[in-house]
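Next come the chains, spelled out residue by residue.
Protein chains: 4
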Amino acid sequence: MGKTIRITVWNENRHEKKNPEVAKIYPNGMHGAIAEYLRTQSDFQVRTATLDEPEHGLTEEVLSQTDVLIWWGHSAHKEVSDEVVDRVHKRVVLDGMGLIVLHSGHFSKIFKKLMGTTCNLKWRVIGEGEKERIWVVDPSHPIAEGLNDYFEVEHTEMYGEHFDIPQPDNLVFISWFAGGEVFRSGCCYQRGRGKIFYFRPGHETYPIFYQPEVRKVIGNAIRWAAPVEGPKPNFGRAKPLENL
Amino acid sequence: MGKTIRITVWNENRHEKKNPEVAKIYPNGMHGAIAEYLRTQSDFQVRTATLDEPEHGLTEEVLSQTDVLIWWGHSAHKEVSDEVVDRVHKRVVLDGMGLIVLHSGHFSKIFKKLMGTTCNLKWRVIGEGEKERIWVVDPSHPIAEGLNDYFEVEHTEMYGEHFDIPQPDNLVFISWFAGGEVFRSGCCYQRGRGKIFYFRPGHETYPIFYQPEVRKVIGNAIRWAAPVEGPKPNFGRAKPLENL
Amino acid sequence: MGKTIRITVWNENRHEKKNPEVAKIYPNGMHGAIAEYLRTQSDFQVRTATLDEPEHGLTEEVLSQTDVLIWWGHSAHKEVSDEVVDRVHKRVVLDGMGLIVLHSGHFSKIFKKLMGTTCNLKWRVIGEGEKERIWVVDPSHPIAEGLNDYFEVEHTEMYGEHFDIPQPDNLVFISWFAGGEVFRSGCCYQRGRGKIFYFRPGHETYPIFYQPEVRKVIGNAIRWAAPVEGPKPNFGRAKPLENL
Amino acid sequence: MGKTIRITVWNENRHEKKNPEVAKIYPNGMHGAIAEYLRTQSDFQVRTATLDEPEHGLTEEVLSQTDVLIWWGHSAHKEVSDEVVDRVHKRVVLDGMGLIVLHSGHFSKIFKKLMGTTCNLKWRVIGEGEKERIWVVDPSHPIAEGLNDYFEVEHTEMYGEHFDIPQPDNLVFISWFAGGEVFRSGCCYQRGRGKIFYFRPGHETYPIFYQPEVRKVIGNAIRWAAPVEGPKPNFGRAKPLENL
Numbered sequence: 017m018g019k020t021i022r023i024t025v026w027n028e029n030r031h032e033k034k035n036p037e038v039a040k041i042y043p044n045g046m047h048g049a050i051a052e053y054l055r056t057q058s059d060f061q062v063r064t065a066t067l068d069e070p071e072h073g074l075t076e077e078v079l080s081q082t083d084v085l086i087w088w089g090h091s092a093h094k095e096v097s098d099e100v101v102d103r104v105h106k107r108v109v110l111d112g113m114g115l116i117v118l119h120s121g122h123f124s125k126i127f128k129k130l131m132g133t134t135c136n137l138k139w140r141v142i143g144e145g146e147k148e149r150i151w152v153v154d155p156s157h158p159i160a161e162g163l164n165d166y167f168e169v170e171h172t173e174m175y176g177e178h179f180d181i182p183q184p185d186n187l188v189f190i191s192w193f194a195g196g197e198v199f200r201s202g203c204c205y206q207r208g209r210g211k212i213f214y215f216r217p218g219h220e221t222y223p224i225f226y227q228p229e230v231r232k233v234i235g236n237a238i239r240w241a242a243p244v245e246g247p248k249p250n251f252g253r254a255k256p257l258e259n260l
Numbered sequence: 017m018g019k020t021i022r023i024t025v026w027n028e029n030r031h032e033k034k035n036p037e038v039a040k041i042y043p044n045g046m047h048g049a050i051a052e053y054l055r056t057q058s059d060f061q062v063r064t065a066t067l068d069e070p071e072h073g074l075t076e077e078v079l080s081q082t083d084v085l086i087w088w089g090h091s092a093h094k095e096v097s098d099e100v101v102d103r104v105h106k107r108v109v110l111d112g113m114g115l116i117v118l119h120s121g122h123f124s125k126i127f128k129k130l131m132g133t134t135c136n137l138k139w140r141v142i143g144e145g146e147k148e149r150i151w152v153v154d155p156s157h158p159i160a161e162g163l164n165d166y167f168e169v170e171h172t173e174m175y176g177e178h179f180d181i182p183q184p185d186n187l188v189f190i191s192w193f194a195g196g197e198v199f200r201s202g203c204c205y206q207r208g209r210g211k212i213f214y215f216r217p218g219h220e221t222y223p224i225f226y227q228p229e230v231r232k233v234i235g236n237a238i239r240w241a242a243p244v245e246g247p248k249p250n251f252g253r254a255k256p257l258e259n260l
Numbered sequence: 017m018g019k020t021i022r023i024t025v026w027n028e029n030r031h032e033k034k035n036p037e038v039a040k041i042y043p044n045g046m047h048g049a050i051a052e053y054l055r056t057q058s059d060f061q062v063r064t065a066t067l068d069e070p071e072h073g074l075t076e077e078v079l080s081q082t083d084v085l086i087w088w089g090h091s092a093h094k095e096v097s098d099e100v101v102d103r104v105h106k107r108v109v110l111d112g113m114g115l116i117v118l119h120s121g122h123f124s125k126i127f128k129k130l131m132g133t134t135c136n137l138k139w140r141v142i143g144e145g146e147k148e149r150i151w152v153v154d155p156s157h158p159i160a161e162g163l164n165d166y167f168e169v170e171h172t173e174m175y176g177e178h179f180d181i182p183q184p185d186n187l188v189f190i191s192w193f194a195g196g197e198v199f200r201s202g203c204c205y206q207r208g209r210g211k212i213f214y215f216r217p218g219h220e221t222y223p224i225f226y227q228p229e230v231r232k233v234i235g236n237a238i239r240w241a242a243p244v245e246g247p248k249p250n251f252g253r254a255k256p257l258e259n260l
Numbered sequence: 017m018g019k020t021i022r023i024t025v026w027n028e029n030r031h032e033k034k035n036p037e038v039a040k041i042y043p044n045g046m047h048g049a050i051a052e053y054l055r056t057q058s059d060f061q062v063r064t065a066t067l068d069e070p071e072h073g074l075t076e077e078v079l080s081q082t083d084v085l086i087w088w089g090h091s092a093h094k095e096v097s098d099e100v101v102d103r104v105h106k107r108v109v110l111d112g113m114g115l116i117v118l119h120s121g122h123f124s125k126i127f128k129k130l131m132g133t134t135c136n137l138k139w140r141v142i143g144e145g146e147k148e149r150i151w152v153v154d155p156s157h158p159i160a161e162g163l164n165d166y167f168e169v170e171h172t173e174m175y176g177e178h179f180d181i182p183q184p185d186n187l188v189f190i191s192w193f194a195g196g197e198v199f200r201s202g203c204c205y206q207r208g209r210g211k212i213f214y215f216r217p218g219h220e221t222y223p224i225f226y227q228p229e230v231r232k233v234i235g236n237a238i239r240w241a242a243p244v245e246g247p248k249p250n251f252g253r254a255k256p257l258e259n260l
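Residue numbers (this note's numbering), protein chains in the order written: chain A, 17 to 260; chain B, 17 to 260; chain C, 17 to 260; chain D, 17 to 260.
One should not assume that every hint holds.
Same chains, same label: a pair holds when it works inside one copy or across any pair of copies.
DSSO-like cross-link-like pairs, simulated, lysine-lysine; straight-line CA separation at most 27 Å [claimed, not checked]: (1) Lys-128 x Lys-255; (2) Lys-106 x Lys-34; (3) Lys-128 x Lys-94; (4) Lys-128 x Lys-33; (5) Lys-33 x Lys-106; (6) Lys-128 x Lys-40; (7) Lys-232 x Lys-248; (8) Lys-125 x Lys-94; (9) Lys-248 x Lys-147; (10) Lys-232 x Lys-19; (11) Lys-125 x Lys-33; (12) Lys-19 x Lys-128; (13) Lys-106 x Lys-147; (14) Lys-40 x Lys-248; (15) Lys-255 x Lys-147; (16) Lys-94 x Lys-33; (17) Lys-248 x Lys-125; (18) Lys-94 x Lys-40.
Rather than coming from a laboratory, the hints here were simulated on the basis of the structure.
One chain only, chain A, in its complex shape (with noise of 0.2 Å):
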């Protein structure tokens, strides 16, 4: 626990606005319950934004400002103007911004744009939602620390392979579901500068982010993902370095 983290939790915050269920369960919505464990945490200094701000709350200066930027959107990631989504993706690869991905966030333009793929994957939703047991796959990473080998999401929403992303560079997480589903639930990749972490627990209709295990997962993931003052790349037009 070193140096202060900057943090942006950024939410679309619209199911906590339109569906009441959701608003009970969250009602400082999902970024509010994320950023108040964060909050916690002595080393992290935490803000957060969302989709109906200004520039969805992620300005230049914002952006430039933060460290690790943590992503929840579901229903409009259509509505993310293509110029933030650019912005973001720039601060990742080119600047270093760590980006932590959580749940519905798979199909955000950013993760997709980061990733190369669809990002699609297989879902369910089954009454009072089914359960997910997470598995430790990797116990040298530091996203693991403080867990068991593995521990339960007792009610959730289901997702399945086949998941359609890259090969992570390392792999942390992978769920078991009741319904019968494998899933790759804890995703490390490098992008240029940056460091991302999809992380798959997170449905909106469940108080998934009030779960110990998740917000230490989330606090890990941050600390993992926090820029490195590694080399500036020097692209372009290079002069020898050797005589020719």
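Go by the hints and put chains B, C and D onto chain A.
Only chains B, C and D this time, still in chain A's reference frame:
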């Protein structure tokens, strides 16, 4: 060498028209030089397509009959229509068409879309071109079939790290340059049902596509990237496979 | 389906001798059941070898004529001589022989030597065996050829994560188990000039090696793992390739 | 820079005793030169150990108090006892101790055991040593923190591909050599609960371990490889988590 692989060699074909030096080296275009070799292989069925043809020669019909697409572009990446790029993208990710991206194709719309990064790099052209030595780092890979532990391109443009690509699923070649740089020159990726190989050699002002090792690698890569009759993913809502 | 691949199916062949239940399922041994299928493939040339033969049937001569070795062991891993293990290891790493390790072969000396880890895991055999559902997570991979997006093994032993293996170079299958676990069931590795595939199914008390999908995967894996005429590395002291 | 990391710098320490040229460069041994730097870092607690101490200085007690072990060996790999190698191996794989293997340590028993390959390579020492230029290929990686896009080692031994190692989980550095070779010089691996980093620089006849960039990389690698409080895997027979 099993069943026939249907190949389309796509070339921007502008340098050949505008630059007499290039036209002299490649009187039938770079696509012509590549196709000439591929036609010597009994398991290959070869056609070509170029930018200035209608729909760039990449109609739905042509793509539906293409198992592996080879891509060379440089000065006119922007002239490739987004519609054709999306068509190629879908054909790779959803249908499993192989894609071999050559040299300056690193900056093509289709490669950037599949990679999710800037695909930027260092480069240099000096006088008659400098020496590149391409080392095999995975001797078990089918793309290294028939090679020695390195081969040389005597006169070429330099490409240097940092090359802003995702970490390859499998890295086959690393280049050494006389001017002091290195480069990941043979990079394998899975994207959806498709396989992609980036191969560095091939600047238009040098007769590189006549070099036996370069031709052999392109042939090997085609056989590696040829589509597999793997599962067609069933995306979307799914019924449970177990009683819930 | 090109040139002939020479296959040796190695089996410990002890359960078949000692356990009437196993002998009834596999009257010709598990190696016999596997070989029976492989012999139906026109590009395969098949022999078998077992633990109790001299040198476990894996003499220098046999190995020198083997392109891909299949390995099943369980109760007698310790009886495999270190000399033969070293011989197999060299043949994989230096000569490029493919190796397919099945099920309980995860604990064989040769697999542990190639992986560098304990290769330990969770396991369970309950009554008639529980259900396993094997999901394809890389539909572009030749080992997934001809499969649907999953297949089931109705009655089997469970293997669960954490499976202590290096992260696979390419992960092809993930298993779901009725009892609540997941497992990385199809794992590709490069080691030197050789390719290795670990495939989970295959407990001795179930007729799994007669199941069409299991047989198909083994056949696919053999074709994938067959040696490539890649470069023989020239290790040791090297003269400079440039003037120093 | 969070909690204290306990480091043991292990060195064969034979060249320093036998070769006056080496003794002059490293009067306190290479381990002394490395430890000297590490002791300037407030989050590091440093001890050293050498081959000729009892149990090579790597008793159970020392290892149990070591978070990250640094390994330099060359002429006496065979003198390292198998018992100590097994002890280090267990400590990495089962307990998560980090391991940084330097230069000629590529041929140590412990590195070969963890890699599963021969770890062989090309090499050359010419006169005053030739120039190496180390390029960063993953600018997002914590091991690249504080570096420019390359750094040079002016006089060194050459190591060249093919380097017979498993494909790294993450590749951070590639070296260019004046004599015409390339080398994967910074390689990250997960093995069980532990993380391993191979770093090429460091021949005994050059003052490389005084070079600021080399020291910085070793420090970065230590912080990356420090153990994580991830799950202790529960191997062996497991009760079902669901009703069967």
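Going down the list of hints, with the structure as the test:
{"no.": "1", "hint": "Lys-128 x Lys-255", "result": "between (36 Å within a copy, 26 Å between copies)"}
{"no.": "2", "hint": "Lys-106 x Lys-34", "result": "neither (32 Å within a copy, 34 Å between copies)"}
{"no.": "3", "hint": "Lys-128 x Lys-94", "result": "both (12 Å within a copy, 21 Å between copies)"}
{"no.": "4", "hint": "Lys-128 x Lys-33", "result": "within (26 Å within a copy, 37 Å between copies)"}
{"no.": "5", "hint": "Lys-33 x Lys-106", "result": "neither (30 Å within a copy, 35 Å between copies)"}
{"no.": "6", "hint": "Lys-128 x Lys-40", "result": "neither (31 Å within a copy, 43 Å between copies)"}
{"no.": "7", "hint": "Lys-232 x Lys-248", "result": "between (31 Å within a copy, 17 Å between copies)"}
{"no.": "8", "hint": "Lys-125 x Lys-94", "result": "both (8 Å within a copy, 21 Å between copies)"}
{"no.": "9", "hint": "Lys-248 x Lys-147", "result": "between (44 Å within a copy, 23 Å between copies)"}
{"no.": "10", "hint": "Lys-232 x Lys-19", "result": "both (19 Å within a copy, 19 Å between copies)"}
{"no.": "11", "hint": "Lys-125 x Lys-33", "result": "within (22 Å within a copy, 38 Å between copies)"}
{"no.": "12", "hint": "Lys-19 x Lys-128", "result": "neither (31 Å within a copy, 34 Å between copies)"}
{"no.": "13", "hint": "Lys-106 x Lys-147", "result": "neither (37 Å within a copy, 34 Å between copies)"}
{"no.": "14", "hint": "Lys-40 x Lys-248", "result": "neither (46 Å within a copy, 38 Å between copies)"}
{"no.": "15", "hint": "Lys-255 x Lys-147", "result": "between (59 Å within a copy, 15 Å between copies)"}
{"no.": "16", "hint": "Lys-94 x Lys-33", "result": "within (18 Å within a copy, 42 Å between copies)"}
{"no.": "17", "hint": "Lys-248 x Lys-125", "result": "both (26 Å within a copy, 24 Å between copies)"}
{"no.": "18", "hint": "Lys-94 x Lys-40", "result": "within (26 Å within a copy, 49 Å between copies)"}
Violated hints, in rising order: 2, 5, 6, 12, 13, 14; the structure is consistent with all others.
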